[in-house]
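Read top to bottom, the protein sequences are chains A and B. Per my numbering, the first sequence starts with residue 1, numbered consecutively. Per my numbering, the second sequence starts with residue 1, numbered consecutively.
Treat the hints as calculated values from the structure; they're not laboratory data. It cannot be assumed that every hint is accurate.
[Claimed, not checked] On the chain B side, residues computed to face chain A include the following (Cβ under 7 Å): (1) LEU9; (2) GLN93; (3) ARG207; (4) THR208; (5) GLU210; (6) VAL211; (7) LEU213; (8) ALA214; (9) ALA215; (10) ILE216.
All values derive from a computational prediction rather than experimental measurement. Each residue gets a CB set at the ideal place from its N, CA and C atoms; glycine is no exception.
Chain by chain, the residues run as shown.
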Amino acid sequence: MPQGLEISGLAHGFGATVAVDGLDLSVAAGEIVGLVGRNGAGKTTTLRAVMGILEPREGRIRWHDREVGASDRLRFGYMPEERGLYPQMGVLEQVTYFGRLHGMERRDAQRSARSVLERLELGPRAEDKLVALSHGNQQRAQLAVALVHRPELLVLDEAFAGLDPSAVMLLSDVLRDEAQRPAAILFSSHQLDIVERLCDRVAVMEAGRLLATGTLEELQRRVPSRLRVRVGGGAAWRPDVPGARLVEDDARGTLLALEPGADPQAVLRSAMATGPVEHFGFERGGLTDVYRELVAA
Amino acid sequence: MSGLRAVGLVAQRELAQRLRSRPTWVMTVVTALLIAALMTVPALLRRSPTPTVIGLVGSAAQALRPQLASAAAATGVDVQLRNLHDAAAAHAQVLAGGLDAALDVTGEAPDVTVARSLAPDVQDLVRTVVTRARATQLLSAAKVPPDVIRSLLTPVSLTVHALEPPPPPVSAARVVAAIVAGYLLLYAIVAYAIGVATGVAQEKTSRTAEVLLAAIRPDRLMVGKVLGIGAAGLGQLAIAVAAGLVANALVGGSAVPHAVVTLLPSLLLWFLLGYTLFAFVSAAAGAMVARQEEVQSATAPITVALTAALALVFGVVHAPDSWWVAAGSLLAPFTPIVMPARLAMGPVPAWQLALAILELIGVTYAVARLAARVYATSLMRGGARVGWSAALRGASESPARNTRPRT
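The task is simple: from the sequences and hints, build the whole structure.
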């Protein structure tokens, strides 16, 4: 696996509140990793620790196999959850300024800023003050600040929050392009459908801990199998098989979650005893289903 | 990227932001005009004295014309004399403003008619000349020889032997300079130091700070901000000082004491020292607020200290040589305001000057280190405003009380 970001044993708290508790996570160059979890799960604290905005109580954060330092972080790009830029400053000037803060020379920063703004469809507004932009365009300017110095690691907190569908598509394309470069990308989001479509791997956090991490398929294997059965003839069927749990029941049939050890043949026999079985098949749940199972476990 | 470059970038942005601000330029022009006026007005007042026009009514008064003219020349009183035939015409001219006074010596007692009042030095001049004329007349009638009369009426010369050197004369210009310097420095330091708190609070409350901190260390961000805003303040004051010096040169430079003229450039040093000290305090205060509206209360200790220093300036004016004035000027928070006032009033011992400057630099260094810690621990804190005591305790204070963690 290519080198990249490696977080090990990360722990942090605020007074008596534990925010992150022994987190291990890695993001390789060219990889997009989505961090999901409910509010308060520890996502923002993790991302802030990666960016050096807060000093974690414990743990190590390594970049390319050595402790991450200030000079490494200059090659990181960051978009915080609560967006913030100088409202009275011009968009191009502002993006250039942040590029220079990340170590770029003035001319390079200016050239890169123009290019990023064009890519984010903000070229015609480059000379406007930030305050004159719509909320959505301010979000794009914020993303431009994170991208202007061509970061090796891109850290985005609630990356897609508040974006309209076209902006979501644009940002998705940008992140895919960045990963192709190849930048390592770690972002948090509550929009699980986007995370599912975009990410190579997903990390699920709950109460400061990492519940699970892996590709969607790997995560799917960690939760009960989903079996859909439709019994015809208008018969009301409820499975009475150990380890088979009802998830939902609608026109498409009855969806069951099968715990390890539950016998699908026993389910089939039960259904056939009730009426003609019109459909019997395993389904792969999406990230939303996987997440629901993981946090419920 | 080197720390110096990062600090420089932040400072450049702050400076550029202020140079684009219209209020900054308005205040620069107003301050420059004020200083130029203060340097010019005394000279203009001195340059255009209006002579006192005295009408001499009748031949008796007109006979005194040579004595009045020579006495006026001898004493430096600027008078202009006109002959008039009768009292009614003289009074009419006094009322019309053509004459300042009308002198009539035909009666038992000499009579001076004025519209409202007559300057004391002119009164003394007229009284002396008339008295001597009367005395000469009486002594001549008594057959006293003219040389004796001359001898009698010639004032004796008085020799004064001072046992100690006389105190330096305190001119009104020095008093004005001390007070104006105090107010000017108070305004400049408060405006620009509080500007630092406002800028920091804006970055904190707008969440720009979080993006900045991903690129630059908090201490460098703070120092850059202090330097950039300070450069704007120093530039504004330098323009005002230059305007004052140019104005003084244009009017010949004789009306304002030399000490006041040399004080002007030193204001830049006192501003720099005072601003730097209070700007670091202000940066810490700005990082502690939760809302922009709290900046004023968070920076109240700064305005209180500087206002107390200004009060001490009035003590400097009334008792420039007192021990408590000297002691006050050596207290670091007061030094930038009080020491220039002392310098305006007269010489200050070199050791006191050196001690004050070194002490101020030392205190500023210590304050800057402390402020950097408060700044770093407070800037990313959410929730309610961080108190001074909690901020100073820094990491040892339970952050949970003041922090609304977003995890």
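Consistency of the hints with the structure:
no.: 1; hint: LEU9; in the structure: holds, 6 Å
no.: 2; hint: GLN93; in the structure: violated, 66 Å
no.: 3; hint: ARG207; in the structure: holds, 3 Å
no.: 4; hint: THR208; in the structure: holds, 4 Å
no.: 5; hint: GLU210; in the structure: holds, 4 Å
no.: 6; hint: VAL211; in the structure: holds, 6 Å
no.: 7; hint: LEU213; in the structure: holds, 5 Å
no.: 8; hint: ALA214; in the structure: holds, 4 Å
no.: 9; hint: ALA215; in the structure: holds, 4 Å
no.: 10; hint: ILE216; in the structure: holds, 6 Å
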